[in-house]
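Asks: Work the whole structure out from these sequences, hints included.
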Amino acid sequence: VDGKLYLGGLPLDYRAKNIGNITHSIPACIGEVTINSKQLDRESPISSFAVNKCYVTAQEGTYFDGKGFAALVKEGYKVRSDVNITLEFRTTSANGVLLGISSAKVDAIGLEIVNGKVLFCVNNGAGRITATYEPKGMASLCDGQWHKLQANKSKHQITLVVDGNLVQTNNPHMQSTSADTNNPIYVGGYHADVKQNCLASKSSFQGCLRNLQLIKSQQVESFDFSEAFDLHGVFPHSCPGAEH
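Sequence positions in the sequence shown follow the numbering used here and run 219 to 462.
Any given hint might turn out to be false.
Stated by the list, open to error - Once the Cα atoms are required to be at most 27 Å apart in a straight line, the calculated DSS-like pairs of lysine-lysine come out as: (1) Lys-335 <-> Lys-354; (2) Lys-335 <-> Lys-235; (3) Lys-335 <-> Lys-222; (4) Lys-256 <-> Lys-222; (5) Lys-373 <-> Lys-434; (6) Lys-323 <-> Lys-354; (7) Lys-335 <-> Lys-256; (8) Lys-235 <-> Lys-222; (9) Lys-366 <-> Lys-335; (10) Lys-323 <-> Lys-366; (11) Lys-420 <-> Lys-354; (12) Lys-296 <-> Lys-373; (13) Lys-335 <-> Lys-285; (14) Lys-296 <-> Lys-323; (15) Lys-292 <-> Lys-420; (16) Lys-235 <-> Lys-256; (17) Lys-434 <-> Lys-292; (18) Lys-285 <-> Lys-373; (19) Lys-366 <-> Lys-354; (20) Lys-292 <-> Lys-373; (21) Lys-413 <-> Lys-296; (22) Lys-323 <-> Lys-413; (23) Lys-366 <-> Lys-285; (24) Lys-222 <-> Lys-373; (25) Lys-354 <-> Lys-296; (26) Lys-434 <-> Lys-366; (27) Lys-420 <-> Lys-323; (28) Lys-256 <-> Lys-292.
What the hints assert, rightly or not - Ranges of calculated distance between the beta carbons of each label pair, as one might list FRET restraints: (29) Gly-459 <-> Ser-266: 21 to 29 Å; (30) Lys-222 <-> Lys-354: 14 to 22 Å; (31) Gln-375 <-> Ala-276: 14 to 22 Å; (32) Asn-400 <-> Asn-254: 50 to 58 Å; (33) Val-412 <-> Ser-311: 14 to 22 Å; (34) Asp-259 <-> Asp-398: 46 to 54 Å; (35) Gly-249 <-> Asn-429: 39 to 47 Å.
Note that these hints are calculated values from the structure, not bench results. Backbone N, C-alpha and C define an ideal beta-carbon position, used for all residues, glycine too.
Replies: Okay, here's the thing in structure tokens:
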């Protein structure tokens, strides 16, 4: 025994003996812990990682605190000719990065909220093309309610659907059809030293995300933020209840 007690999960480089390979932390709230009749002081641990408070009213989703990001697919995600992205978001902030996948060159895709509008940008190597959704009238995407988003790239064509409202954009670069990305997927923001060729904003997302899926050729890939290889200011499986 090395004298340390781990609660809720284990460090990535820790190799546990006699209990097998532990790959995930527990997506739950832990209350009072008593060991040998002595209550554990959870308020002052030696160290903690991706641990946040429990919410009295919680919803399904992952909370982003507006100062960080989640990085997925460490080996790099290849968008190429087609990808269909779906997710749900809830925020009260008018600006924030939703998702970005880039490359060492100019090829990239990006999803973000800028001044209350949703922007879906694609660069297949010949130049950026952007589909923009702006709510009509008194409607708002930054009202603290859940909104559903679908962004589709099919060769040189891109479409954006927000809450059932379709936006299509003409692409003058019809001969360019593949976004040859090879960087990880950044969600909610990105490192200051990471280049994102299709994101205008550097503001990290503040709010909740859920049901992130990337679909290619009918193959659906769902992402669990607790499995991100880099996580800052993101709290998987816990989203504070809607503001009233």
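Asks: Output the numbers, in ascending order, of every earlier hint that fails for this structure.
Replies: The structure breaks hints 2, 3, 6, 7, 10, 18, 24, 25, 28, 30, 31, 35; every other hint is satisfied.
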